[in-house]
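Protein sequence lines, in the order shown, are assigned to chains A and B.
Mapped onto the working numbering, the consecutive letters of the first sequence carry residue numbers 364 to 668.
Mapped onto the working numbering, the consecutive letters of the second sequence carry residue numbers 712 to 934.
Simulated from the structure, these hints should not be mistaken for lab results.
Computed from a predicted structure; not experimentally measured.
Hints may contain errors.
Claimed, not checked - Distance ranges between label pairs, derived from CB positions:
#	chain 1	residue 1	chain 2	residue 2	range
1	B	Q915	A	S566	49 to 55 Å
2	B	Q842	A	S569	26 to 32 Å
3	A	R662	B	P746	39 to 45 Å
4	B	A736	A	R662	37 to 43 Å
5	A	A658	B	Q842	33 to 39 Å
6	B	P737	A	R662	36 to 42 Å
7	A	M616	B	Q842	53 to 59 Å
8	B	P737	A	A658	37 to 43 Å
9	A	I650	B	Q716	21 to 27 Å
10	B	P737	A	I650	35 to 41 Å
11	B	A832	A	L610	51 to 57 Å
12	B	R763	A	L613	54 to 60 Å
What the hints assert, rightly or not - Pulled from the structure, derived: some chain A residues nowhere near chain B, Cβ distances all over 10 Å:
#	residue
13	A385
14	R387
15	A413
16	A443
17	V463
18	E479
19	I493
20	T502
21	R531
22	A555
23	S566
24	R584
Just so it is clear, CB atoms sit at the ideal spot from N, CA and C, and this is done for glycine as well.
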Amino acid sequence: MIGAVTEALSRALALLVGDPQADRAVPPTGFTARLTIFTAGAMAFLAVFAIALSLATGRLADRWSAELARTATLRISAPADQADAQIRAALTVLDQTPGVASARALTDDEERALLEPWFGPDLPLASLPIPQLIEIVETAEGYDPIGLRARLQAEVPGAVLDDHTRWRTPLVAAANRLRSLGWVALLLIAGATAAMITLAAQSALSANAQVIRVMRLVGARDTYIARAFVRRFTLRAALGAAIGSALGVLAVMALPDGGDAGGFLTGLGFQGAGWLVPLLIPPLAAIVAFFATRAAALRTLRSQA
Amino acid sequence: MIELQDVAYSYGGAELFTGLSLTLAPGSFQFLTGPSGAGKTTLLKLCYGDLRATGGVVSLFGMDAATMGRDDVALARRRIGVVHQDCQFLDHLPVAENIALPLQVAGRADEAAGDLDELMAWVGLRGQAAQLPPQLSGGERQRAALARAVITSPDVIIADEPTGNVDWEMSQRLLSLLVELNRMGKTVLIASHDMNLIRTAKSQVSANVLRLKDGRLQTGVAL
Ligand SMILES: Nc1ncnc2c1ncn2[C@@H]1O[C@H](COP(=O)(O)OP(=O)(O)OP(=O)(O)O)[C@@H](O)[C@H]1O
Ligand SMILES: [Mg+2]
């Protein structure tokens with residue numbers, strides 16, 4: 364098994380390293396060469412954006428769903444003498460609510476810490492009508508906010524359920540969908556590249572029908588003949604893709620930076636190791652071109668005498 | 712080496728020939744004659760695996776041509792030097808590289824150096840080595856094709872009208888090259904109309920003359 368893979372790899376490498384004399388057997392064609400390089404470049408440019416989109420929406424979805432998973436809060440505003448009773452009642456309700464993993468009343472110290480940024484450290488909490496907060500941690504399935512609100516209304520009149528992060532649920536779904544669309548776009552780009560390289564290779568093959576015939580008649584094997592074409596198109600695709608992805612990365616870098624406020628739109632870009640991902644585009648383009656040209660060449664050769 | 716048993720061939724319409732048998736024994740020297748359109752070129756193409764017989768068995772070096780894969784055919788062709796009636800070359804490469812092409816594709820390029828020069832001189836193309844094939848005259852093309860056919864020192868040499876476009880002196884020269892190769896043990900099969908050439912050859916080697924006419928092959932034809 365491993366032997367077969369190594370052999371296939373070394374044969375692929377031998378095809379690429381090639382023999383310059385075999386390359387000379389096929390006359391150079393400037394026009395298809397330029398078209399191939401251009402196509403590979405354009406596709407690589409688009410691929411950079413598809414990757415950037417997928418990575419950015421992925422980050423967004425992860426962040427939002429992490430925040431979602433965190434908490435909701437229950438605010439209880441009640442006259443001081445009823446506060447403790449209402450808190451106990453609310454905790455009982457929450458304990459019985461499916462989808463609530465845990466519920467806990469914040470201590471005075473925690474409340475003070477929350478308010479400190481606005482009112483300073485010396486807030487006399489006890490003398491102010493500050494609502495009491497209960498932190499709710501959901502289970503993965505989540506609870507039913509409508510049912511919970513109805514029960515709370517009946518049993519704890521002073522309670523207000525604030526599930527402020529819940530509105531993001533459809534956004535997380537959209538971000539996840541956008542990430543998948545990015546990957547689909549990437550697959551389509553790879554497929555379109557293969558199709559175009561196949562067409563270019565096919566036209567080169569039919570333009571060189573006499574070359575192929577002469578080579579066959581003097582005893583060249585199909586792989587020898589295919590090699591000249593495969594090598595050429597592989598190198599052209601790699602070159603085009605290198606130029607295209609370099610330009611794509613420059614374009615992404617040149618996107619205006621909206622800072623934290625920009626959110627989704629200006630978040631389109633790479634972060635950290637993400638910058639290395641576009642480096643994969645030229646080798647992948649080369650692999651696609653290698654197999655597309657090889658298949659086209661061997662198919663054309665076999666259809667001939 | 713190459714054997715045809717009861718072979719038939721048709722280009723789709725009527726059969727060009729049927730029940731044709733021929734053996735190219737090692738070291739033999741044979742001429743194939745016959746009227747234009749009789750199927751000489753077709754018969755030769757069967758012998759180097761360019762066409763597949765529509766009936767009977769063609770065996771190349773002991774293998775049934777009908778069961779040979781494309782790589783098998785390629786390998787068999789390295790043992791057969793062919794001069795085609797319509798010599799085709801790689802038109803963008805100089806004549807010298809075209810002549811060395813069979814060595815090149817067989818991965819024996821390093822053998823070309825010495826032989827190539829000598830061979831080019833023999834066929835009188837030393838001055839044309841750097842020219843491109845489209846710049847050659849008809850006779851020069853045939854000589855280049857002959858040089859290309861013999862450069863690998865193949866076991867069998869098949870030539871289709873190799874002297875069609877050259878003058879008498881040059882055709883004798885080419886013939887003597889073929890005779891020389893035959894003396895070295897190579898099998899030679901030449902399709903030709905040129906009775907003078909055949910007569911000259913018979914005076915130098917024991918050549919068998921085949922005649923293809925009306926779908927039948929006669930052997931041992933007297934001139
Ligand atoms: N590719 C083809 N398709 C259909 N018919 C063909 C084809 N090639 C040859 N023929 C026909 O087969 C017959 C034999 O052709 P072939 O070339 O073998 O003759 P030949 O004996 O070599 O003639 P010449 O002496 O003129 O070279 C001819 O009638 C020709 O028209
Ligand atoms: Mg003919």
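Evaluation of the provided hints:
1. With their beta carbons about 51 Å apart, Q915 (chain B) and S566 (chain A) fall inside the hinted range of 49 to 55 Å.
2. A beta carbon spacing of about 27 Å between Q842 (chain B) and S569 (chain A) agrees with the range 26 to 32 Å that was offered as a hint.
3. At about 40 Å, the beta-carbon gap between R662 (chain A) and P746 (chain B) stays in the expected band of 39 to 45 Å.
4. Between A736 (chain B) and R662 (chain A) the C-beta distance comes to about 39 Å, which sits within the given range of 37 to 43 Å.
5. Taken as a hint, the range 33 to 39 Å holds for the pair A658 (chain A) and Q842 (chain B), whose Cβ atoms sit roughly 37 Å apart.
6. The beta-carbon spacing between P737 (chain B) and R662 (chain A), approximately 38 Å, falls within the hinted interval of 36 to 42 Å.
7. Under the hint 53 to 59 Å, the C-beta atoms of M616 (chain A) and Q842 (chain B), about 54 Å apart, fit the expected range.
8. The beta-carbon spacing between P737 (chain B) and A658 (chain A), approximately 41 Å, falls within the hinted interval of 37 to 43 Å.
9. Separated by about 48 Å at the C-beta atoms, I650 (chain A) and Q716 (chain B) break the suggested range of 21 to 27 Å.
10. Between P737 (chain B) and I650 (chain A) the Cβ separation comes to about 48 Å, which falls outside the hinted range of 35 to 41 Å.
11. Between A832 (chain B) and L610 (chain A), the C-beta spacing of about 55 Å keeps the proposed range 51 to 57 Å intact.
12. The given range of 54 to 60 Å is respected by R763 (chain B) and L613 (chain A), whose C-beta atoms sit roughly 57 Å from each other.
13. Its closest Cβ contact with chain B, about 8 Å, brings A385 (chain A) to no more than 10 Å, contrary to its assignment away from the interface.
14. Interface exclusion of R387 (chain A) from chain B breaks down, the closest Cβ pair being 7 Å apart, not more than 10 Å.
15. Consistency note on A413 (chain A): stated as away from chain B, and its beta-carbon is indeed over 10 Å from all of that chain's, at 40 Å minimum.
16. The Cβ of A443 (chain A) sits about 95 Å from the closest Cβ of chain B, beyond the 10 Å cut-off, so the non-interface label holds.
17. V463 (chain A), annotated as away from the interface, keeps every beta carbon of chain B farther than 10 Å; the closest lies near 72 Å.
18. At roughly 82 Å from the closest C-beta of chain B, the C-beta of E479 (chain A) stays outside 10 Å, upholding its exclusion from the interface.
19. Here I493 (chain A) stays apart from chain B, with its beta-carbon at least about 88 Å from theirs, past the 10 Å limit.
20. The non-interface label for T502 (chain A) is consistent with chain B: the shortest C-beta to C-beta separation is roughly 65 Å, beyond 10 Å.
21. The Cβ of R531 (chain A) lies farther than 10 Å from every Cβ of chain B, with a closest approach of about 62 Å, so its non-interface assignment holds.
22. Non-interface status of A555 (chain A) relative to chain B is upheld: no Cβ of that chain comes within 10 Å, the nearest being about 31 Å off.
23. Its beta-carbon lying about 17 Å from the closest one in chain B, S566 (chain A) satisfies the requirement of being farther than 10 Å from that chain.
24. The Cβ of R584 (chain A) does not lie farther than 10 Å from every Cβ of chain B; its closest approach is about 5 Å, which violates its non-interface assignment.
Hint violations for this structure: numbers 9, 10, 13, 14, 24, all remaining hints satisfied.
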